[in-house]
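The residues making up each chain are set out below.
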Amino acid sequence: MPDKMLELDDITMQFGGVVAVNNLSMFIDEGEIVALIGPNGAGKTTAFNCVTGVYKPTNGQVKYQGQVIVSNHPAGKMKALYAGENRDKYPQVVDPTPDKITRMGIGRTFQNIRLFKTQTVFENVLIATHLHRTSNPLSAAFRINWREERRMRELSLEMLDFVGLAAMKDELATSLPYGKQRRLEIARALATKPKLLLLDEPAAGMNPQETADLGRFIVEIKERFGLTIFLIEHHMDLVMDISERIYVIDFGKLIAHGEPHEIQDNPDVITAYLGVEDI
Amino acid sequence: MKTKKQGLIIGFILLALLFVGLYILENTLSSSTMLLTILKKGVIYALIAVSMNLLNGFTGLFSLGQAGFMLIGAYTYAILTIPVGMRSMIYQYYDGGIVQFAMPALVGILCAGLLAAFFAFLVGLPVLRLKSDYLAIATLGFAEIIRAIIQYEGLGPLTNGSNLLRRFPTFQSVLYPFAAAAICIGVIVLLINSTYGRAFKAIRDDEVAAEAMGINLFFHKQLSFVMSSFFAGIGGALLAMYQGSIQAATFKSTMTYEILLIVVIGGMGSVTGSVIASFLFVASSEWWLRFLDNEMFIGSFHMPLLRSGFRMVVFSVIIMAVVLFYRRGIMGDKEFSPTRIRNRLLNRKAGRNA
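From first to last, the protein sequence lines are chains A and B. Sequence positions in the first sequence follow my numbering and run 1 to 279. Sequence positions in the second sequence follow my numbering and run 1 to 354.
It is possible that part of the hints are untrue.
Below, a list of computed lysine-lysine pairs in the DSSO-like style, where the Cα atoms sit at most 27 Å apart [said to hold, decoys possible]:
hint : chain 1 : residue 1 : chain 2 : residue 2
1    : A       : Lys63     : A       : Lys193
2    : B       : Lys252    : A       : Lys117
3    : B       : Lys4      : A       : Lys100
4    : B       : Lys334    : B       : Lys131
Hints listed in this document are in silico derivations from the structure and should not be mistaken for laboratory results.
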């Protein structure tokens, strides 16, 4: 049995009285591609942000390779407002900043592309190699770290080559067409050398042809870098095609979980996506 | 890579030529010429503007504390370097003050930078958690507090209260501030081009994405803040040397705005832009527009409007025009370099041939 890469236990994220994610528990095994799907506003990205440290969940914990990386319980004014369950189960508070999570080996991309706008394609990737530096500001300024600098540049070029953007490396990142900007975001995330890659709607705004290409590409990076992939997606073709297991949430709650063919026929899922049939 | 090396060599040659030129200029002109004064003040402002640009232009932190750090630098330098024999005269109300030793000028300058950096570190701990306007207000407040503290009577034995500090070592040659500024700006440029500089720019462009790339926001903001203040402190010490005497009351927020103006006009995120804008700013505010302050007659015609203070009106109009026509500053976020100019000329030629 493979090791668990990521585990979410009772993750609840409440903004005041609004419960965005409600008691979400799930796991991802090493080497899997797992998708999280659900209608608009179901809380998918919020769940992601709880894992990556952007939000501090109201309750619950996240384990990465068996180690607790995020943990919280309702405190302060949330004590009275908290609507979820298991409120005293996670007394420990672990609240790392997103950069720490990335350093542990969890890379991510964003739903609304967030490239460094004034930087070139190459520099965008190069920035992502900064976290593995061994130099301090002085040694870096005086280029005592030139070997490391060269390695950073080589790694970045390699990543760009891999995603097929090496020819455009000196262009401004924002001047790339949309689909290539998405690829650049993936290249940038790969340059942080992750073990687990979180993709937030990688196929948003793509046509069926591009989506199919992207599906092949995701499988390819998984194989090549030995990654585990956790993705949020709306394109059902893509999800059904590449993911090994699927979690479905609606209004923050987990409504279904299983292999693609099980999800396809699940009445709850159909109801969530298409609405209830009027009789 | 090859063009980069070429550019570096050309840069060094130009720098050497600059120093030779300055040396010749200094030995041919009388020392009281306005040009030399402008060059001295201009290069000191250039250093301070570049240090502010590191923070505001490259890291995207809108800080207005520059005058405060310059003040710390200037006072540290003055207090540490006034010759012991002069102290009883300068600290006449405070029995000669409590500092009874004097350091060499260079050590004093270095201490000025270090103390400014230390204060920046302390101030940065709470303040750098703020963003944009709030950060600006907090740093501005800090600068005012520092000025008030230094003028405080109780600290008189150390700072001489609100009285002048003078008779500390100054420089005569224009080469001195140029060398100091060249070294400091060189270090800033090296830092900006290093992997840490890339992290600064990433934070400026998108904090959320930068953090997701594993960049520790607080550490890098603090680093940029401390480095910027270190060089502002050195700039303050050089300014003290240039003026020959200092008084806390002159380091007002107006001074920060002057520097900010230079940074904006030169271009946020352009080192050469800040340097060029500094010289233009100092020259036009102190020299080129001076004639506007005096009454003038052409023949028997009395020129209207020209009177004391009119210079600032014209100056403001010029600045408005510059900002209107160069929205992103003279240089934008580009750098001025010989290779760039050559490329541009070649491109233009190619365009014409096509």
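Take a quick look at whether A/Lys63 and A/Lys193 sit within 27 Å of each other, Cα to Cα. holds (19 Å)
Pairwise hint evaluation, A/Lys117 against B/Lys252, where the allowed Cα distance is 27 Å at most: Since the Cα atoms of B/Lys252 and A/Lys117 sit roughly 36 Å apart, the hinted pair is violated (cutoff 27 Å).
With the threshold set at 27 Å, check whether the alpha-carbon distance from B/Lys334 to B/Lys131 stays at or below it. holds (25 Å)
Regarding the pair B/Lys4 and A/Lys100, is the alpha-carbon distance no greater than 27 Å? Violated: B/Lys4 and A/Lys100 sit about 35 Å apart, past 27 Å.
Hints 2, 3 from the earlier list are contradicted by this structure; the remaining hints agree with it.
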